[in-house]
Amino acid sequence: MKRLNQIFFKGLIVVLPITLTFYLLIWASINIESLFASGIHFIVGKELYIPGLGIALTILFILLVGLLVNNYFTGRFFAWLSKSLEKIPLIKVIYNPLKDLMALIPGRSSDKDKPQRVVLVALENMGVEVLGLVTREDLDEIQESSKVTVYVPFSYMLGGMTLIVSKDKVKKVDIPVDQALKLSVTAWIKASEQSRG
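With this note's numbering, letter number 171 in the sequence shown gets 166, and the count goes up by one each step, no holes.
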């Protein structure tokens, strides 16, 4: 019976992540498709509609917006639109945190507020350290030049916390931001390929 349990859980460890990944991809595809399906039916007609056209058009639309943001003139319009959304009372509550969250995505070199370094922060009286990302080097709002903000993501994307700590309490770690996020999100379960080999 014990051997059967071991075989079952080995199978479950392989099947569950694959199944959940495909389920989430299919769920997202169906929702995106249903969101734009009626508009596509109106434009091209039901006889020319092909399943998956909504997803393809969404990807093309995002690429087009990316191209427009890179253009000097249209980029200024998007910057104005972004600043306007940041000031509207109800919208800014949703828009600002989402915009700030996008700054954590690696590869956005044009973003000045992007985390610049990965650090370890010692938690006082606990004898432990947490891995985090420095998100701000200067805290003008609270007139603290000797402190930094460090974002500590929780495992499996179940939130996170922001610590305000003295600059001398953080220890720089020489790993890329995207690798640090992967390690934190997976609770350090997944080792890097180099450490395995």
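Treat the hints as calculated values from the structure; they're not laboratory data.
Glycine included, each C-beta is placed from N, C-alpha and C at the ideal position.
Among the hints, a few may not be true.
Cβ pair distances, simulated, as ranges [to be verified]:
no. : residue 1 : residue 2 : range
1   : 93        : -1        : 54 to 60 Å
2   : 60        : 150       : 49 to 55 Å
3   : 67        : 149       : 37 to 43 Å
4   : -2        : 39        : 21 to 27 Å
5   : 150       : 10        : 20 to 26 Å
6   : 150       : 89        : 24 to 30 Å
7   : 37        : 173       : 25 to 31 Å
8   : 33        : 94        : 25 to 31 Å
9   : 140       : 30        : 42 to 48 Å
Are residue 37 and residue 173 spaced within 25 to 31 Å by their CB atoms? At roughly 41 Å between Cβ atoms, residue 173 and residue 37 fall outside 25 to 31 Å, so the hint is violated.
If you check the beta carbons of residue 33 and residue 94, does the distance land in 25 to 31 Å? Between residue 33 and residue 94, where Cβ atoms are some 29 Å apart, the hint holds.
Given the hint of 54 to 60 Å, check if residue 93 and residue -1 actually sit that far apart at their C-beta atoms. At 47 Å between Cβs, range violated.
Hint check for residue 89 and residue 150 - Cβ pair distance inside 24 to 30 Å: 25 Å, holds
Assessment of proposed distance window 21 to 27 Å (beta carbons of residue -2, residue 39): 57 Å, violated
May I ask you to test the hint 49 to 55 Å on the CB atoms belonging to residue 60 and residue 150? Hint violated: Cβ distance 33 Å, outside 49 to 55 Å.
May I ask you to test the hint 37 to 43 Å on the CB atoms belonging to residue 67 and residue 149? 40 Å, holds
If you check the beta carbons of residue 150 and residue 10, does the distance land in 20 to 26 Å? Holds, at about 22 Å.
Taking the Cβ atom of residue 140 and the Cβ atom of residue 30, is their distance within the range 42 to 48 Å? 47 Å, holds
The earlier numbered hints that this structure contradicts are 1, 2, 4 and 7.
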